[in-house]
Amino acid sequence: MVKKIYFHSIFFSFLIIKEAFAAESGGMPQLNPEFWVSQIFWLILTFGIMYLVLSKLILPKISNNLESRKSQILENIEAAEKQREDSDAKLKEYDEIISKSKLEANSIFNQAREKALKDIGAKREVLDKQIDNEIAEAEKEIDVLRKNAPDKINKIAIETSSELLQKLIGAEVNNSSISAIVDDLSKRNGDKYYGN
Amino acid sequence: MAANPMSQFDVYRIGPEIKVGAFDISFTNASLFMILSTVSILLIFNLGSKKNSILPNKIQLLAELSYTFVSKMISDTAGSKAKPYFAFIFSLFMFVLFCNMFGMIPYTFTVTSHIIVTFVLAAFIFIGVTVIGFIKHGFGYLKLFVPSGVPAVLLPLIVVIEIISYLSRPISLSVRLFANMMAGHTMMKVFGGFVISLGIVGGWLPLSFSVALTGLEILVAFLQAYVFAILTCIYLNDALNLHH
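Going line by line, the protein sequences match chains V and G.
For the first sequence, our numbering assigns the number 1 to the initial residue and increments by one for each residue that follows.
For the second sequence, our numbering assigns the number 1 to the initial residue and increments by one for each residue that follows.
Just chain V, same shape as in the assembly (with noise of 0.2 Å):
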């Protein structure tokens, strides 16, 4: 739309223009020369005089303030990099602390365990010794007491069966008979009880 316009004005006004050409004696004054030698005369003199401050004067200025920024820039960069360097040199020297402590951690658990196996196992030995030697005591005590059992036994099943024919038969049997009998007893159940 705008453009439409746009072209329809540059119609319009290239109409204008003609007419313009004909009302005037100059027409379009852009081709009127007569004060072509004074635009030229000064364009070239501003021209010239700004091309030449700002050549030598402020563009050089200018980039010097470019480059100046530019190479601050890299500098901190630079810097920043650096410290990022020593903090990674520093990360990684916390690092090696830190697993060689875990490391000497590891073996003092260890070597801590070893030792406590170890008095755990002396202990367990003495006390197994110390049971073994109950045992053994034990079983001594215990064979004495199997060895003398039937003698005892004897003696009292021979007084009790002295003891039992008085009162049933009233007559004072010899010891020495009832013994005799009751070691043939024992001889032939003994066996029987205490089967070895």
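Keep in mind the hints are simulated off the structure, nothing from the lab.
Predicted, not measured: the structure shown is a model, and the values here were computed from it.
Heads up, the beta-carbon is just placed ideally off N, CA and C, and yes, glycines get one too.
Watch out, some of these pointers could steer you wrong.
[Stated by the list, open to error] Residues on chain V that point at chain G, a partial pick, calculated with CB under 8 Å: (1) 30; (2) 37; (3) 38; (4) 54; (5) 55; (6) 65.
Chain V is already provided as a structure; the job is to place chain G on it using the hints.
Positioned in the frame of chain V, the structure of chain G alone reads:
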């Protein structure tokens, strides 16, 4: 003065007539606006380059952004060999831009709307580029007119076309800028005239167009300065890096 849309392009003498020999170099309104443009350029860029702070202030930022803009434009189109011509292209771009922009202020004179001004600039560029080309490549510069990979039958025709296109560079360069500025300003003047002639009842439509056109013309003012500078870079590129 107001009635004729072309009268805004009138050049008139300010002060006395100055003559050097047969030439009239009087101070005119065109001279006034050339001086205004250059002085404002110098002022802005002087202020923008005075302090060198890491965090630039607004005017310094403006100067540095313009610097990097033009320097990027040159290095993109003409390569690193064009570095010595940076100051010239920068001045050229800024001069054309400021003259165009000053022309956008009502009741001002647009320096670049005069064919003689743009033609002198374009002719200077044309001659300069040609001289640079011959200095850099000697007569090898004429190879510019003989594109590689063209069949021998077509070569005479192509060479003629190339020579004509080369010679028409200053004309196209100058007429492009001049015609754009003149047409735009004429059109704005015409629409302004419509506003007056249609009065309070019908004048709103052309007024709104005028407002839109002002925006468009500001764009054109920048664009034409950019085109002028970038074409200079392209011509310079042809002269510096001869590969056609």
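Consistency of the hints with the structure:
1. With its C-beta approaching chain G no nearer than about 5 Å, residue 30/V sits inside the 8 Å limit, and its interface hint holds.
2. Here the hint on residue 37/V is kept, as its CB sits about 5 Å from the closest CB of chain G, short of 8 Å.
3. Annotation: interface hint on residue 38/V holds; nearest CB of chain G at approximately 5 Å, less than 8 Å.
4. Satisfaction of the interface hint for residue 54/V is found here, the shortest Cβ-Cβ separation to chain G being roughly 5 Å, below the 8 Å cut-off.
5. This hint holds: residue 55/V has a C-beta 3 Å from the nearest C-beta of chain G, less than the 8 Å allowed.
6. Using the Cβ-Cβ criterion of 8 Å, the hint placing residue 65/V at the interface with chain G is satisfied: the shortest such distance is roughly 4 Å.
The structure agrees with every numbered hint stated previously.
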